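*Asks:* Heads up: the sequence lines are chains A and B, in that order.
Each number in the numbering used here corresponds to the 1-based position in the first sequence with 2 added.
Each number in the numbering used here corresponds to the 1-based position in the second sequence with 671 added.
Just so you know, these hints were derived from the structure itself, not from any lab.
Some hints here could point you the wrong way.
[What the hints assert, rightly or not] With a cut-off of at most 30 Å between alpha-carbon atoms, the simulated DSSO-like pairs for lysine-lysine come out as follows: (1) A:LYS490 to B:LYS822; (2) A:LYS371 to B:LYS814; (3) A:LYS358 to B:LYS814.
Note that this is a predicted model, so its numbers are computed, not measured.
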Amino acid sequence: MKYGKVMLVASAVLSLTACTKLDEKLKSETTSGNTGGSGSVNVSALLVGAYRSFEGLYMDQARIWAAQEHSSDEAVGPTRGGDWDDNGIWRVYHNHKWTADHDFLTATFRQLAQSQFAATTVLDNNPSAQQAAEAKFLRAFAMWPVLDCWDQVPYRPTSTGDLTTTLPEVKKGTAAADFIISELNAAIPNLPSGRGLGIATKDAARALLMKVYLNKGVYANRETPTFAPADMNQVISLADQILAGSYSLGTNFFDNFAPNNDVIGSELIYTLKADNGAGVGGNGAMYSYMCGLHYNTNPSGWNGFATLGDFYDKFEAADKRRGGNYTGLTNVSGLKAGFLIGQQFNQNGVALQDRKGNPLAFTREVKLKETGNNLEVTGIRVIKYIPDYAHQFPADNDMVIFRLADVLLMKAEAILRGGTATNVGPYGGTAAAIVNYIRTHSTRGVAALGTVDLNAVYDERGRELYWEGWRRNDMIRFGKFLAPRQLKPETSGVERLLYPIPNEQLTINPNLTQNPGY
Amino acid sequence: MGNPDLKWETSATTNIGLDFGLLKRKVNVSVDYFSKLTEDVLFELSFPVPGGSSARIWKNLPATIKNSGIELAVNANLVSKTDFSWNLGFNATFLKNMLEGLNGTYNTGALHGQGTTGAYVQKLASGYPLNVYYLREYMGIDKTTGQSVYKEDGDVSYFGKDANPRTLLGLSSEMSYKKFGLVINMNGAMGHYLYNNTAQSVVPITNLGSRNVASSLVSASVREDLSNPITSSTRFLEKGNYMKMANMTLSYDLGRITKFVKGARVSLTGQNLFVITKFTGFDPEVNVDKNIGGIPSNGIEYIPYPTARRFQLNFNFSL
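Working from the sequences, and respecting the hints, build out all of it.
*Replies:* Listed below in structure tokens is the structure:
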């Protein structure tokens, strides 16, 4: 073989393909022109926008509610054949195997930041003193769940300036809690008094402050929290200011969750407004009942979520919170309020069937993956919000954020955690008296407990506040979150006390670092 | 809101080549090593939150993309006689692609169809090729329950196969015998995997009794239960290896036929005549756009238009 000619070429090129400066066209901007004002920004419209930005976060089964309930002992989203599989997104909440790619956690984090920004935008546009106070409350209300779930809270002090090159700072743990506390304290003097039905009030801010103070020890050390008496006394003092207001346990527990709960809900301290006529309220509270109701009930539900048998067993049979007939519900559809277990009937007493013709009888037992012939009927269903038969989108039920019983139980807990007991209103002056005031009230109807310790408060919070989006927060504070439980057979790693920072956020804000263990 | 710090991507390219002829230059060979390092990669990203609603900005990522490989081309003039000539060309590219220095990861490859809410199958992640598959690992159908079995019960996804071909192949042949001519062009790619979203979502077993079902499911030895959820997993990952007869032209030169027509030629061309592949979708040369937030996907099949097979009969006259 003979080589004709051999050529060897080696080249190394560094090419800087710069020809012009990259010039970006502006596509979205908040200007005085597009916010309703002529020449000046319409700050009222901005404030309404800030309020409404929470609808997607709280009136949807896949956002804050899922993050606080599905990882707890109160709720599970089983896969029923091909239904509700969603590639395991619900199951990994319950068995604590979520990752930094979890779609719902990613969206929740993003939307909370958007709400924060919406509130900051109000502050930057010459609000009145009250408008500024409301915006500060809303900003704190957007930052607190981020602290609670992720520990790291991205924060921009201003909505103006160059948002692309200035990265949001990140407030963590105790520092974030202190910031939220100072913001709420600054807001309270200029907030209106009274019930916060869709509007930030002094009591709404106080209730949120209670949450932050009560959990401050958790934010300092989630694994082994300690609770400072000074913080607990703050909780008690704030509770007492709220208890001096015109709230009561009313005449029916479920009135607080009825379509007209803004009228008959005597416990409501802060709600997100849902008003079908005014077109406000996203989907309202409908997800809360639709996600568990079967296709063949009225309303025809989505046949998804259930509560767990072990949780259901925490109730005594006499407990009215466990459920019963409710006028406007049972006479319309045969459904009861509270927990649905066993054979379901329509309003005429006719036994319902599932789509396969089996009796529509909800079972105590449920699995993460249902595959059998009974897959449509496993698991106890929950109706906390009373279905609105007059409107579907949005249902008129206002979304309850803070209410009286929560405040009372927080006060009782603060006393047991080292705070100094006080006696305000008809509720009693010890933890036991307060808890038993709730239990023995005609709207609950169970006997007083002999001793009330922290475990008793924990269980009472479950019975009282089930499916209201507090359980994960409670379980962590009471040290119960990692323990094995129904459908979560193993002790979770300590990293599960926090959710992982979404991958999407890590890529765009280097001030965030992934939480340990993820 | 613009990004005043925006700059162009930088690419550093290194090539080392070797060209030589063999057998009195009847065979020419060219070997090239290339390495391309792209820095300050431009991406359209979400805003660092909190910040604006859903505004998106162009940003230079602190990441590098490295493409390196070898290109080999061989051209052979096999026969060169008056009434018979044959040129044969062959080229192959062996390449590797890698992303480095990215903080966090991006998801892409959004699936469509029933049961795929929020499901995606690919990622951009440091230490992996672009569009690396990120999936739960399918281990078969349980004989007793008829349900899919996954590693770690399907709760964990793993970095896995590459969506980028590791080898690209091309073959061309030009032959003429007397007045006949035959031109053949083939192309192919190997070493990559395709995600069959069509098989997952359009013809799953749950359709039985109502819509079409993949024939492979009906004839399977282990019977899949109708309640088996539609779940994205390595089950729908298929090797994308293929070799395609891109086009073939057979021609005949009629020469001068009348006083006025000085030349005439008749030819028959076939395009996309056949594909050699084990991929079960329409065409292994598939890339349905399944981007997430502008991050492109790669190699996902979801009910694309089948590639047409064309035949053309041509007459050429020169006056």
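*Asks:* Which of the listed hints are not met by the structure?
*Replies:* none
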